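> The primary structure of each chain is shown beneath.
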Amino acid sequence: MLERAYAFFYKQWLKTVRGWAESAWITVYPLVALFTAGFFLQFVKGDPTAVVYLIGGTFAWNFYNLCQKGVTYGLLYDVWDHCLKHSMTSTATVFDFVLGNAAFGFVTALFSFAVSDVLSIIFFHFDMLSAGPVLFVSFLIILLYSIAEALVINSLVVLKGYQFVSLTWILTGIVMVLSAVYYPVEVLPPLVQPISAILPTTYAIEAFRNAMLGKEFVSDAATGLVLSIIYALASMALFSYAIKRSKQTGFLSKL
Amino acid sequence: MRLGSESFSTEDSLKLIMNAIECTGLSKKYGEFTALKDFNVSVEKGSVFGLLGPNGAGKSTTINILATLLTPSSGSAKILGFDVQTQAQEVRAWVGICSGASTFFEDLTSQEILNYYAMLYGLGGQARDKKVSEVIEMFGISEFKDDQFRELSTGMRQKTALAKSLLNGPQVWLLDEPTLGLDVEIAREVREIIRRMASEEDVTVLLTSHYLFEVEELCQEVAVINHGRKIAQGKPSQIKKELGLLDVISFTVNALDAKRLSSLQRLKGVQAVHYLKGKMVLKTMPSPSVVGSVVDELEKRKIRVRDLEVRKPTLEEAFLRLVEDA
Numbered sequence: 001m002l003e004r005a006y007a008f009f010y011k012q013w014l015k016t017v018r019g020w021a022e023s024a025w026i027t028v029y030p031l032v033a034l035f036t037a038g039f040f041l042q043f044v045k046g047d048p049t050a051v052v053y054l055i056g057g058t059f060a061w062n063f064y065n066l067c068q069k070g071v072t073y074g075l076l077y078d079v080w081d082h083c084l085k086h087s088m089t090s091t092a093t094v095f096d097f098v099l100g101n102a103a104f105g106f107v108t109a110l111f112s113f114a115v116s117d118v119l120s121i122i123f124f125h126f127d128m129l130s131a132g133p134v135l136f137v138s139f140l141i142i143l144l145y146s147i148a149e150a151l152v153i154n155s156l157v158v159l160k161g162y163q164f165v166s167l168t169w170i171l172t173g174i175v176m177v178l179s180a181v182y183y184p185v186e187v188l189p190p191l192v193q194p195i196s197a198i199l200p201t202t203y204a205i206e207a208f209r210n211a212m213l214g215k216e217f218v219s220d221a222a223t224g225l226v227l228s229i230i231y232a233l234a235s236m237a238l239f240s241y242a243i244k245r246s247k248q249t250g251f252l253s254k255l
Numbered sequence: 001m002r003l004g005s006e007s008f009s010t011e012d013s014l015k016l017i018m019n020a021i022e023c024t025g026l027s028k029k030y031g032e033f034t035a036l037k038d039f040n041v042s043v044e045k046g047s048v049f050g051l052l053g054p055n056g057a058g059k060s061t062t063i064n065i066l067a068t069l070l071t072p073s074s075g076s077a078k079i080l081g082f083d084v085q086t087q088a089q090e091v092r093a094w095v096g097i098c099s100g101a102s103t104f105f106e107d108l109t110s111q112e113i114l115n116y117y118a119m120l121y122g123l124g125g126q127a128r129d130k131k132v133s134e135v136i137e138m139f140g141i142s143e144f145k146d147d148q149f150r151e152l153s154t155g156m157r158q159k160t161a162l163a164k165s166l167l168n169g170p171q172v173w174l175l176d177e178p179t180l181g182l183d184v185e186i187a188r189e190v191r192e193i194i195r196r197m198a199s200e201e202d203v204t205v206l207l208t209s210h211y212l213f214e215v216e217e218l219c220q221e222v223a224v225i226n227h228g229r230k231i232a233q234g235k236p237s238q239i240k241k242e243l244g245l246l247d248v249i250s251f252t253v254n255a256l257d258a259k260r261l262s263s264l265q266r267l268k269g270v271q272a273v274h275y276l277k278g279k280m281v282l283k284t285m286p287s288p289s290v291v292g293s294v295v296d297e298l299e300k301r302k303i304r305v306r307d308l309e310v311r312k313p314t315l316e317e318a319f320l321r322l323v324e325d326a
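Quick note, the sequences are listed as chains A and B, same order.
Position 154 of the first sequence, counting from 1, maps to 154 under the numbering used here, and the rest follow consecutively.
Position 324 of the second sequence, counting from 1, maps to 324 under the numbering used here, and the rest follow consecutively.
A hint or two may mislead.
[Stated by the list, open to error] Here are the simulated PhoX-like pairs of lysine-lysine, each with C-alpha atoms no more than 20 Å apart in a straight line: (1) Lys145(B) / Lys15(A); (2) Lys29(B) / Lys244(A); (3) Lys29(B) / Lys160(A); (4) Lys29(B) / Lys254(A); (5) Lys312(B) / Lys241(B); (6) Lys85(A) / Lys160(A).
It should be emphasised that the hints constitute simulated quantities derived from the structure, not laboratory data.
Note that the structure is predicted; figures quoted are calculated from it, not measured.
Build out the structure end to end from the sequences listed, making use of the hints.
Laid out in structure tokens, this is it:
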């Protein structure tokens with residue numbers, strides 16, 4: 001079973017090391033985001049709370065971005081190179097697909113986090129690890145939610161086609177805005193606050209932020225974890241259904 | 001080894017199956033359009049079976065159903081006794097599929113592509129290395145194994161695709177126009193491998209091809225489908241015979257002698273005689289005795305001829321007749 005899951009990891013690793021554009025997602029973009037936020041804070045001489053919100057938010061966004069990309073690209077590479085049917089006729093399962101690709105997303109996100117955190121300590125005297133163990137619970141929530149979101153995008157691609165590929169990049173922006181990535185949820189218009197309340201990422205971000213600011217974080221972490229597990233399981237069922245449906249309509253063999 | 005004994009493996013039980021592929025009442029509809037209708041076929045284990053038809057006839061639909069890429073609207077299909085819908089995982093374990101002009105990840109090398117797909121079939125460590133080396137050697141791609149897929153020639157790309165389709169050691173090999181766009185030499189190599197896999201490895205091959213000489217050369221049996229319906233099935237020779245396609249005997253003869261040959265028309269088995277631009281053309285029933293009696297007649301009349309040729313009808317002619325009639 002692990003060989004099949006590892007296959008997806010192996011493919012993504014090869015694709016990443018082959019292309020500058022692919023490896024930039026892990027190295028260049030997260031650092032650009034970190035330094036932009038860091039220098040901006042130095043310029044406005046932000047208070048410690050603002051530092052937690054802005055740099056902490058940057059870390060969360062990068063982590064989420066890479067985890068989601070890991071799972072979406074696991075399918076999209078095949079779609080772009082018109083070879084999806086080869087993996088669909090292999091003995092790999094949806095679980096292998098999720099496990100291998102999510103592992104790749106998680107490893108790249110952790111690597112990117114480690115590099116960014118070292119640089120953040122050096123340049124901005126800000127250490128994300130000061131959040132304590134809850135930070136890893138937050139990362140787990142973000143990973144599980146990313147899997148769910150990626151599988152919804154992949155399901156739409158498998159069912160309807162290429163036009164849904166762009167959701168890979170569109171959704172990360174929208175979800176981060178709605179998850180109150182750089183600000184408290186109360187800042188959002190009351191109309192959209194119910195949407196943030198159903199996003200696990202909102203709780204994940206709030207949990208590590210609260211931990212860093214010395215506030216209570218357990219309830220946020222627990223809510224986020226429960227929601228993200230439900231979403232991840234539901235999205236796996238959706239993806240399995242999408243593949244089944246696409247085999248009925250004949251769309252899968254054309255991808 | 002006895003049935004029911006603990007050491008009786010899946011491979012052992014597969015040996016007992018006579019028909020590797022069984023389609024019963026297989027149909028596929030897309031809305032109002034019927035791509036395949038009530039398709040029945042049994043393919044004997046270890047044989048090479050040809051599936052013929054014009055573009056859009058339903059050949060790829062059939063192959064995609066057998067490869068578990070497409071769900072039939074009704075009917076059933078079994079590979080080695082496993083149902084393609086309810087036992088898809090078992091089917092995928094025993095089936096290899098390759099289409100013409102296959103594409104893979106452009107920036108990965110042939111070896112990396114093969115490693116990746118070997119892993120997807122659960123092969124790890126030494127077993128994977130051994131299998132990948134084996135298929136690389138079989139298809140003669142070792143010289144190009146470290147080249148990225150985008151740099152490969154059409155022939156090498158297709159060889160990589162064929163190599164990939166054998167990674168899981170399939171018992172059923174589904175080949176959808178495997179020699180499409182290949183040069184003569186590589187196409188011949190591919191045909192040789194197909195023949196070898198069936199005769200030496202007992203692999204069942206389902207082959208579609210627009211090159212009918214290839215089908216005639218490789219297949220023990222063929223089915224012709226048109227507009228999603230099977231219109232003929234049998235050995236290529238049997239199909240030609242049933243269609244009553246005529247042999248053609250031709251020879252060069254001078255005009256004077258040609259006039260003396262009107263008696264040929266009366267010979268048993270001769271259906272038509274034409275003389276055009278120095279060439280006598282006879283359409284005859286497919287029987288060796290007809291050729292004999294034509295030669296006897298020429299000798300009896302002491303007529304010297306040149307360039308005597310007997311041409312048997314081809315599968316292509318049979319195919320065209322079938323499709324036109326349908």
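> Starting from Lys145(B), check that the Cα of Lys15(A) is at most 20 Å away, please.
Holds, at roughly 17 Å.
> Hinted pair, alpha-carbon criterion (20 Å max): Lys29(B), Lys244(A). Please report holds or violated.
16 Å, holds
> Regarding the pair Lys85(A) and Lys160(A), is the alpha-carbon distance no greater than 20 Å?
Roughly 16 Å between the alpha carbons, so the hint for Lys85(A) and Lys160(A) holds.
> Can you confirm whether the C-alpha distance between Lys29(B) and Lys254(A) stays at or below 20 Å?
Within the cut-off at roughly 16 Å; holds.
> Do the alpha carbons of Lys312(B) and Lys241(B) lie within 20 Å of each other, as the hint requires?
11 Å, holds
> Is Lys29(B) close enough to Lys160(A), meaning Cα to Cα at most 20 Å?
19 Å, holds
When each numbered hint is compared with the structure, no violation occurs for any of them.
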